[in-house]
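Student: Its first residue numbered 4, the sequence shown is counted upward by one per residue in my numbering.
These are calculated hints, taken from the structure and not from any lab test. Source: prediction; values computed, not measured. A few of these clues could be false.
DSSO-like mimics (lysine-lysine), calculated; alpha carbons at most 27 Å apart, straight line [unchecked claim]:
hint	residue 1	residue 2
1	Lys207	Lys269
2	Lys269	Lys205
3	Lys261	Lys219
4	Lys43	Lys198
5	Lys269	Lys35
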Amino acid sequence: MQGKDIFAASEIEILRLLIKKYSQANTASDQKEVRKKLRKIGFYVSDFGIQNITSQDFESLIKTGKIRVLGGLFTHASQPVKNQIEKPIPVFENTTKSDNHLEEELIQGSFKKVGIIDNLVPDQAGFYCIRLANGSNLPERYQIHLKNRKHRIIYIGKAEGQSLKKRFLGQELRARGHGTFFRSIGAVLGLLPEKGSLLIAKNKNNYTFKPVDESKIITWINQNLEVNWVVFSGDFSVERDWIQKYSPLLNDTHNPHKLDELREDKAYCRAMANC
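Given these sequences and hints, build the entire structure.
Tutor: In structure tokens form, the structure reads like this:
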């Protein structure tokens, strides 16, 4: 046996996610990359006489005792997710004129490439919108959903109680602090936090990437994303309406069309950081 047959419960969850990725891989090179990640955890498919492993094969290995969970614990796999392309998203109208004007200024305003905004973002509260630049693409399993959205918006956020400079620029685009968008786009691009990096942390969700990977993410953001923002100091609850209306790809909260792919990729990052 090249690998091992006893795994911690957290490793089992990572293996499940990787094997699902393997089954969904479109090319041999993609499958090869997943196999490398499986082997880093100590799982060699060839040890069990299987060539192209599926989630069903993996669960069978656990149930038959060929793979054992450390401590004798058995965790059931989550229900399979149907990978469907959603129907066109309905658009509703805001009823407040001032909200309409604010929305138009944010969504249809003057977008700028991220690489040139460091000295432009104000030290004031407000909303921000992030979209994919013309000619740029996300990984295919995300790009196909974006095409169905009929727009290029991938995230809408707010800097409430703090400045756009700190929240939007610093945390979300430059990895200075805990940015929800930065964690999400890193996961989407296939980068991972360091294994065990959250083991002693109180917050088990705020994974971070290694400095070299943070630099890769920032470079990708600078080259492939455009942003717009508006200074605002009123009722920030209108953000919910915009997220429900546009269903930006990387927004989870309030999003009626949030992606299972994003949930899976972020769960994989959290599992890696906590094992």
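Student: Evaluate each hint against the coordinates.
Tutor: Quick rundown of the hints versus the structure:
1. Lys207 with Lys269: The given pair, whose Cα atoms are some 12 Å apart, holds under the 27 Å limit.
2. Lys269 with Lys205: holds (18 Å)
3. Lys261 with Lys219: Holds - the C-alpha atoms of lysine 219 and lysine 261 are around 25 Å apart, at most 27 Å.
4. Lys43 with Lys198: Given that 27 Å is the threshold and the Cα spacing comes to 11 Å, the pair holds.
5. Lys269 with Lys35: holds (21 Å)
Violated hints: none; the structure is consistent with every hint.
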